[in-house]
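Chemist: Place chain B on chain A using the hints.
So the sequence lines, in the order shown, correspond to chains A and B. The numbering used here numbers the first residue of the first sequence as 1 and each following residue consecutively. The numbering used here numbers the first residue of the second sequence as 1 and each following residue consecutively.
Simulated from the structure, these hints should not be mistaken for laboratory data. Just so it is clear, CB atoms sit at the ideal spot from N, CA and C, and this is done for glycine as well. Do not rely on the hints blindly, as some may be mistaken.
[Claimed, not checked] Partial selection, computed: residues in chain A whose CB lies under 7 Å from chain B: (1) Asp38; (2) Ser156; (3) Gly266; (4) Asn267.
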Amino acid sequence: MNKKTRSYVEFLYILPFLILVALVAYYPLYGWIYAFHDYMPPKPISSETFVGLKWFAYIVENPVRLADIGRVLVNTFAMSGISLAFSWFPMIFAVFLNEIHCRPYRKFVQTVTTLPNFISWVLVYSVAFNVLSSTGAVNSVLVNLGLIDKPIAFLSSKDHIWFKMWLWLTWKNAGWAAIMYLAAISAIDEQMIEAAKVDGATRMQIIWRITIPCLLPTYFVIVMLNLANFLSNGMEQYFVFQNNFNRKTIEVLDLYVYNIATTGRGNYPLSTAISMLKSIVSVALLFITNTVSRLVRGEGFV
Amino acid sequence: MKRLLSVLLTLAMLLSLVSVSAMAEEKELLTIDVYDDAANFNGMQTGWFAKVIKDRFNIELNIIASQVVGNTVYATRSEAGNLGDLIVVDKAKFPEIVEAGLAKDISDKLPECENIMKFKTQIDVFNKGLTGEDGKYYGIPTEMTDTSPVSLTDDVIYSTPKVRWDLYKAVGSPKLENLDDFLAMLQKIHEIHPTNEDGDPAYPFTLWADWDGNDNMIGIANVVQLTTWYGEKLKGSAMLKPDNTFSKLYERENAYYKITKMLNKANQMGLVDPDSGTQPWDTVASKLSSGRADVMWYSWQDGFWNSVDRLNAGTGFIFIPIADQYYYADADRYFGSDRMFGIGSGVEGEKYDRLMAFLDWYASPEGVTFQHDGIEGLNYTVNEEGKFVPYKDNALMDNLPVPDEFGGGGYSDGNNQINQWIVSALCVNPITGERYAQKYWQSYKDMTMTEMKKEWQEMYEAEDPVDWMKKNGKLLASPSVDFTPAADNNDFIALRSEVNKCLCDYTWQLIMTCATDEEFEAMWDEMVEQLNGFGYEQLYEHDIEVWQPEIDAKIAAAAAAE
Chain A
1 MNKKTRSYVE FLYILPFLIL VALVAYYPLY GWIYAFHDYM PPKPISSETF
51 VGLKWFAYIV ENPVRLADIG RVLVNTFAMS GISLAFSWFP MIFAVFLNEI
101 HCRPYRKFVQ TVTTLPNFIS WVLVYSVAFN VLSSTGAVNS VLVNLGLIDK
151 PIAFLSSKDH IWFKMWLWLT WKNAGWAAIM YLAAISAIDE QMIEAAKVDG
201 ATRMQIIWRI TIPCLLPTYF VIVMLNLANF LSNGMEQYFV FQNNFNRKTI
251 EVLDLYVYNI ATTGRGNYPL STAISMLKSI VSVALLFITN TVSRLVRGEG
301 FV
Chain B
1 MKRLLSVLLT LAMLLSLVSV SAMAEEKELL TIDVYDDAAN FNGMQTGWFA
51 KVIKDRFNIE LNIIASQVVG NTVYATRSEA GNLGDLIVVD KAKFPEIVEA
101 GLAKDISDKL PECENIMKFK TQIDVFNKGL TGEDGKYYGI PTEMTDTSPV
151 SLTDDVIYST PKVRWDLYKA VGSPKLENLD DFLAMLQKIH EIHPTNEDGD
201 PAYPFTLWAD WDGNDNMIGI ANVVQLTTWY GEKLKGSAML KPDNTFSKLY
251 ERENAYYKIT KMLNKANQMG LVDPDSGTQP WDTVASKLSS GRADVMWYSW
301 QDGFWNSVDR LNAGTGFIFI PIADQYYYAD ADRYFGSDRM FGIGSGVEGE
351 KYDRLMAFLD WYASPEGVTF QHDGIEGLNY TVNEEGKFVP YKDNALMDNL
401 PVPDEFGGGG YSDGNNQINQ WIVSALCVNP ITGERYAQKY WQSYKDMTMT
451 EMKKEWQEMY EAEDPVDWMK KNGKLLASPS VDFTPAADNN DFIALRSEVN
501 KCLCDYTWQL IMTCATDEEF EAMWDEMVEQ LNGFGYEQLY EHDIEVWQPE
551 IDAKIAAAAA AE
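In isolation and in its complexed conformation, chain A is listed as follows (with noise of 0.2 Å):
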């Protein structure tokens, strides 16, 4: 076989995946011809529908709903922003999961922190609700406690939104989250630890000089995979949280798309056209992070 013939074939070992790609990724992308049609169903677009850049004008003509779509962003911005900065938390979870010497604590913790993984948020609000609601378990115990005389309104309260989301998502996510650094500490060198201990470093020492610096690099293409996600952080928390008292605060870019398109008779060319432009603040997102990492670290992602 020579070699032209040879690359032919190897071409097609990668050929499945790139079907795939392009099915899955690139397919769905055609339904952005929407955003440039005036669709109402049962009517199929056509070239009657077209309408040009409408869409995009209706966002931008009117200073109140430019101003709802800021206050959408800025709690996308908030809430991603969040989570962002607390995104060193799983690390050091892991870190001092891995510093726990009791092999079947150490099972249970990292058991029971990975377990909430894999609740749905519809089934974690159902928990939420039975709890925190009015005559949940909270208000009665404080209640019959006699510390309250009215139950305090946990869930439909606009107070400190931002914060309460993370403490859920972090709830749910920290312990799968700190698997891959589980995975990353096993993988130091353990004669450098000995090495150190050798020298007489303490624990906090061997923690702060040699497991932080080894996770950093996996930290970093976290951090990165994450910022890729920044205005798509997921609907489904806030779609099963939200209500009248706290959607102004709660109300995230992929939530707001859902809301147009599927409340009432739902506007779909508009939803479309506002998922669009997620796109593109997310390639530019993209292109920030991957240009200041090559500022800093010398090399970049892409």
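Modeler: The following block gives chain B in isolation, referenced to the frame of chain A:
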């Protein structure tokens, strides 16, 4: 003579059952996809109603419920070119479905359906309005009555303040002049009735949020409903006043403000369930049937509490008039309610024949009896005169088990999940000569001529709530007309959705979070500013244009009746 007649009728029914079921066996099992905007259940119809249909037609119903699986199912199914075999949709959608070729022209088969064609007048008016041609049929209106466009048969209207009679008496049966009196009375009731029998907290008002913005009306569904207590009726975003003029929803002299303010005051007094605004209707329904709410306002909400036993014990909910109110009511829905039946364009051949036969049965006395009255021997019995007598009237409320011979399962679970009827329960059942709805049966009236009702009649010097309203000039009955509002285009869909979201969020906060009147007023002003910012006025002008023809038709119908 009557006994003989009833025996003969029963025999005839039995015979027809036998022949129908003999026929059914020959045919293959047919699954009908029902696209249904009215259903609250998604999936295969099960239980007793499934058995009724299977025995007669060997048909099973696969219900596709947009209210359960989400409105997007409408888009995806119509994009695929097949909504369903049987289509039950909001009236406003019907013209576009016909235009998109999703509904079948049923002009050939419909005239043969003699049960459905009893409503020929109404069907003709609707289809003529749709196509402009005589004798061309696409849709069948729902819940049509056999009375007239201006008559009001009900003895209660759709929405009035209702309070438990025993609690009302316990606080001294006060005469209520206005909403302030109403709240003062409710406060006393709350003091003597802070919990239900099980010790769970009870509140005068328990509200829910998941109906907000329904039926293209903006705002909180609960508040919008109560505006009819002051003779106002929301049309989209415009408030129709008793004098048939339109006014902006947020004006302070309108009932939306009045009711929101009342609920806020109630909340300040601790009379509103703190879960209001976050709980769905299902939760409220279970609270109503367990006695955790002291006020009801829909006529059908009685069904969650007022059993014959409770009426006898005097603990039923009943209308308590408030002197400054003026009640809006729709006259009998002669031309039908806001939904339509249609047949999917893909239905052909034998399936088409069998579906139309099923639909005609669905409008037949036997079919309608099953839909409105349930099963003989389980929900009612037949007395010597051939009239129906209520039996186990808590079957729906308590989801009573159904014997296996009738299909088994729970009664409520096996109830007709299409949840929409061609024939209204107000129509007269030719089998009994009485209306289908249980509350008009002589037997039911005799059973419920309770102490409670007598006391009520004595106190208000009237037969029933509607009688009281008529005597006191407190009733605004709006005639039934055939009218299909023009569907929103995308611009107005987006605008309506934004305005609605803004209005609902503010209204809930106004009710549940404002601690003082100053706070309330300030937030109201802020809300009005926001609404106008989104373009409320544009929506308001649009809605007036859409609804004015209906108002004109109503005025004409009222004039014609006089």
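Chemist: All hints are to be evaluated individually against the structure, with a verdict given for each.
Modeler: Now for the hints, and whether the structure bears them out:
{"no.": "1", "hint": "Asp38", "result": "5 Å, holds"}
{"no.": "2", "hint": "Ser156", "result": "5 Å, holds"}
{"no.": "3", "hint": "Gly266", "result": "6 Å, holds"}
{"no.": "4", "hint": "Asn267", "result": "4 Å, holds"}
Every hint from the earlier list agrees with this structure, and none is contradicted.
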